[in-house]
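From just these sequences and the hints, can you work out the full model?
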Amino acid sequence: MKQAKPIALTVLDLVTLALMIAATAMVFLYAPLEAVMGQVQRVFYFHVSAAWVGMLGFGAAAVAGIAYLRTGNMQWDVRGMAAVEISLVFFFIAIVSGSIWARPAWNTWWTWDPRLTTAVIVELIYAAYLMLRQGIEEPERRARFGAVYTLLGFISVPVTFISIRLLDTIHPVVIGGSGGEGGFAMTPRMLQTMFFSLFTFSVLFVDLYWHRVRLGTLARQVEQLRLKLAQ
Amino acid sequence: MNTIFSILFAVLTQEGPAETTGYMILGYSVIFSVLGIYLLSIYIRNRNLNQDANTLMEIEEQEAEDE
Amino acid sequence: MERPLTDYQTNTLQSETATGERISTLERVQKISPNLWKATLAVVRKDLTAELRSRELLSAMLVFALLVVLIFNFALDLQPRLRVTVTPGVLWVTFIFAGTLGLNRSMAMEKDRGCLDGLLLAPVDRSAIFFGKAIGNLIFMLLIEVIVLPVYSVLYNINLFNPGLLLVILLGSLGYVAVGTLLSTMAVQTRTRDMLLPILLFPLTIPVVIAAVKATTGFLEGWTFPEIQVWLNLLVVYDVIFISVAFMFFDAIVEE
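Residue numbers (this note's numbering), protein chains in the order written: chain B, 27 to 257; chain Z, 2 to 68; chain E, -12 to 243.
By construction, these hints were calculated from the structure, which means they are not laboratory data. Glycine is no exception: its CB is placed at the ideal position from the N, C-alpha and C atoms. Please note that a few of the clues may not be correct.
Per label pair, the in silico range of CB-to-CB distance [what the hints assert, rightly or not]: (1) Z:Asn47 <-> E:Arg32: 23 to 31 Å; (2) E:Trp210 <-> B:Met212: 34 to 42 Å; (3) Z:Pro18 <-> E:Met182: 44 to 52 Å; (4) B:Trp135 <-> Z:Gln52: 38 to 46 Å; (5) B:Pro165 <-> E:Phe189: 20 to 28 Å.
As structure tokens, this is what we get:
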């Protein structure tokens, strides 16, 4: 029952590691210093990439949810859970790094920016999802309820984002200082760094996802073995 | 006198990048430590599950022998 | 409590046409639609009859809603000057909390008395059960709102009798109850039960809260219609999406 680690996964691990080192080097050595915000702007590259991975996981969880409800194959439950967990971790990274960036840029830790706020709501949906799963013993029902809840979340989050956006445009949030926009013109080097980071994090997502699905599969096998022995 | 004025002007109009290295370091240490903790958690859970699997398989083998 | 249920069961048993031939979904919907409507009404009637006898749900919701208003009064120190800006928020928090209480209770009662299983065993389309429960919950929530509004008006000397406001309350409660009915059906089937519903429900209903509070503010402060319309549209969109989605998923939640 113990599967040997596939060679492809080992290769992917190494590629991911190399890419991460390269991306980090690019962020610190290749990307120019931003003219107004200074060093803290470098957080931007990994902040955006982390949010991107969060969204990938969010989408993957919804796909797994649909697939589970259609097929009833428990492996899709494992995949959905893996996607939710990775998305949870990366949205957390995006939120905290965004907050750290907001402090010097807008002079406040929290800006109620629609994107950040929506990310927080997604985290709360994930928390609810985990609690829901924890409250159900029966694996099949746990999978079914989990799939339904991820899909409900997937449908409600865009609506939530739009509502917060509308709230923002109609009653603009006052952010300290006149330079409230905090936007900056991206030089070619900055763009290159950003796209390289996005690519790296996408590969990182695939790598982590693979590991997490293997972990989930192993957990399910152990669970089955335990049930078999208990009889 | 001139230099003092130019420094004052630079400070008042915030010419040049702001000094935000501390926040940058804080940001990246948070990013890397959260990633590290997550990797560690996957590793530990994997190890524990493997141990569980081995123990359970041993029990299974023993039960098979007893019969 | 037993009589209305058996009534309902025999009703639906008799009206069920037993056709063995294979029919398309559309035909099926057309064939069952009168039955569906009848069965839905039967579920609603069952809930209302049960409630008329015990009144435990409505009284709990009502007392709870009034207590929330009272607590807000002291927590926010509702001065005349502040009232208009704070009122929409206070009202919606009250409705939503009281609504959660009702949703939880109405499903938990079904579960505890084994009525849910009885309903599911009845040879009737599951959607009738969903719509029946949802309409029942909506009626309870609207009743509470209809009582809280005049009380609030009297207490704070604000005129809340505004047809627009009633529309907002209807639209907001509709979307809230649609998702709430689905999630409470989920929540009663877990170990943590009552605790879980608000945690599951609130993050999904944030658009309702935002739009309903904004539209309520609009009507109370006399905004122009286009300004309010944005929020009304949002409420309608949310309602349409979530009524259909909740209806779609209900089968997956009750299937055993």
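Which numbered hints turn out to be false for this structure? 1
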